[in-house]
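Participant: With the hints as extra help, turn the sequences into a complete structure.
Residues 1 to 159 (the numbering used here) are what the sequence shown spells out, left to right.
Please keep in mind that the hints were generated in silico from the structure rather than gathered at the bench.
Any given hint could be a false lead.
To be verified - No farther apart than 27 Å at their CA atoms in a straight line, the calculated lysine-lysine pairs in the DSSO-like style are these:
no., residue 1, residue 2
1, 103, 147
2, 115, 67
3, 103, 115
To be verified - Now the in silico label distances, taken between C-beta atoms and shown as ranges:
no., residue 1, residue 2, range
4, 109, 86, 27 to 33 Å
5, 57, 90, 48 to 54 Å
6, 75, 128, 38 to 44 Å
Being a predicted model, the structure only gives us computed values, none of them experimental.
Yeah, the Cβ is synthetic: ideal placement off N, Cα and C, and Gly gets one too.
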Amino acid sequence: MALKATIFFAWISYHNSHINWGNSLFIKAVIPPKVEIPSLRIIQEVELSDTEWVQSHYEQLALIDGKRMNEVCHGKLYQDRMARDFNKNIRPRQFTPRQLLLKWIFPHHDEAKGKFSPNWQGPYIVHRVLRGGAPILAEMDGEIWQKPIHSDTVKRYYV
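Facilitator: Pasting the structure below:
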């Protein structure tokens, strides 16, 4: 048994060592590049003048700003690419008054009585649509619901 456990943990450590953790989806921090600031002794040994020293530091700062801007632009492009890929699958739902809808029965509701019970209930009539697109439903007998319903939990009912 101990040999099996040892082999399993060795496999886990081997498997995790080959995962590329550098391209994580949720990293937003920009890692600051390495800045080399020479000490006063090194400056005196090299015998840099003040203008040369200031010019070298200015070039280093410009290089740091350039690298940081490249990282920010790369992060922005990555976020745009991920948003575009996500939004490809989004279908906007637009409802109009007097349209017929079915409402999804949540598994924790009383109407969900088992495996073979229906998943949708209705039809309902769209009474009005709020500004964000959430419909306020009315039952077929005319009773209007007080609260709007999320548009992901309804679908059109075609007669």
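Participant: Each of the hints needs a verdict: does it hold here or not?
Facilitator: Results of checking the hints against the structure:
1. 103 to 147: The hint holds at about 14 Å.
2. 115 to 67: violated, 57 Å
3. 103 to 115: holds, 18 Å
4. 109 to 86: 27 to 33 Å: holds, 29 Å
5. 57 to 90: 48 to 54 Å: Between residue 57 and residue 90, where Cβ atoms are some 49 Å apart, the hint holds.
6. 75 to 128: 38 to 44 Å: This hint holds: roughly 42 Å between Cβ atoms.
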